[in-house]
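K.L.:
Sequence:
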Amino acid sequence: MRAPALYREASILIVSANEEKWKQLLGGYGYECTTTIHNTDMLAELPSDFCPDLLLLDIGKRWTEHTVWLSCIYSYYPNEYIPVIMAGEEKDERYCLQALDEGVRDLIHMPIRERDAMLRIRNALEIRWLNRAVQAQKRELEIRTHKMYKSQYELVRLLGNAAEYRDNDTGLHVTRMSRYTSCLGAAAGLPAIECELLLQASSLHDIGKIGIPDSILLKKGMLTEEEWKIMQTHTIIGARILGGSSYRLLQLAEIIALTHHEKWDGSGYPNQLKEDEIPLVGQLTAISDVFDALTSDRPYKKAWTVQEARAEIIQGSGTHFNPDLVTLFVDTFDELVSIKEQYNECLVTKLASV
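Residue numbering for the sequence shown is 4 to 357, as defined by our numbering.
You may find that some hints are simply not true.
Claimed, not checked - PhoX-like, lysine-lysine: derived pairs with alpha carbons at most 20 Å apart:
| id | residue 1 | residue 2 |
| --- | --- | --- |
| 1 | K305 | K223 |
| 2 | K304 | K223 |
| 3 | K223 | K212 |
| 4 | K212 | K222 |
| 5 | K277 | K304 |
| 6 | K277 | K305 |
| 7 | K141 | K153 |
| 8 | K305 | K266 |
| 9 | K277 | K266 |
| 10 | K232 | K266 |
| 11 | K232 | K222 |
| 12 | K222 | K153 |
| 13 | K305 | K222 |
Unchecked claim - What follows is a list of derived Cβ distance ranges for each label pair:
| id | residue 1 | residue 2 | range |
| --- | --- | --- | --- |
| 14 | D337 | V71 | 45 to 55 Å |
| 15 | E143 | P194 | 21 to 31 Å |
| 16 | D268 | E83 | 22 to 32 Å |
| 17 | Y77 | K277 | 31 to 41 Å |
| 18 | R11 | P194 | 43 to 53 Å |
If you are wondering where the hints come from, they were derived from the structure by calculation, not from laboratory data. Since we're looking at a predicted model, the values are computed, not measured. Note that CB positions come from ideal geometry on N, CA and C, so glycine has one too.
Given these sequences and hints, build the entire structure.
P.N.:
Have a look at this one:
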């Protein structure tokens, strides 16, 4: 019963004082890639690129030493599944069960029965190969998933810019505002993956503006009461555009689109939500949106300085904004200013004219 061709190149690490016995036995069945060591210190002497496919522990009567070897193997190869087969003279069922419970894959009792031992070795290598195949598929899936999310994020970014281009030539409001929101989310203790989703989802906060007439959206003067009511509907339009998705990203985007103009005291729109009735992502986006709106040129006003905008947001604590989030805004102010400087309208315009 020779080793299957797939396993003949398997690297078997043998811990034994009987090196020749094991090499002769394994070689007779087609396993030629064997390395023998005698103690844990010799692990450090192995080549840096060496990784065994199987650890064969021949520890004789020293049955309890397997725990030391398991610990060493897990330490040297933390990201690999390496099956361990223990060969020894102990036949006490308690020790056998303990070894299996602690991570030993299989047992070979002395004296060796060749066919039995070779079947156990082959089965352990089969599990090793299956594990490697699963890990390879997992890596491929991760790569494909990353590409899918990257495409999804790019589409979301383009949709956000498409809406913003209707009333902002550079579209940098979306870029800055979404980064402000993600930054505040991190300061609020949201997990990194949630902050990444927030970065993307908040870029669609004004997607509903595509349903607002240009005569209102681009008007340079003050809006009439009727025009203002129409402008407010961009929140509802945006939520309807994004609604019904099973994707977390678009679910967050829907919530943000609907609630980013709600105010802490209940005087916002469209539903006059107040305090914690307003979802956290809507509250975070509200501060970011206002900060960028205040510090940007608009058809109806000139940009405020960042210090003027900071004072205005502090003034809105407890009325427009959640006081706790205003504190976070103040704490992260320097980081927010750095984002603004990195995505500066004037800088982009100047570079574009070069």
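K.L.:
Against which earlier hints does the structure fall short, listed by number upward?
P.N.:
5, 6, 8, 12, 16 and 17
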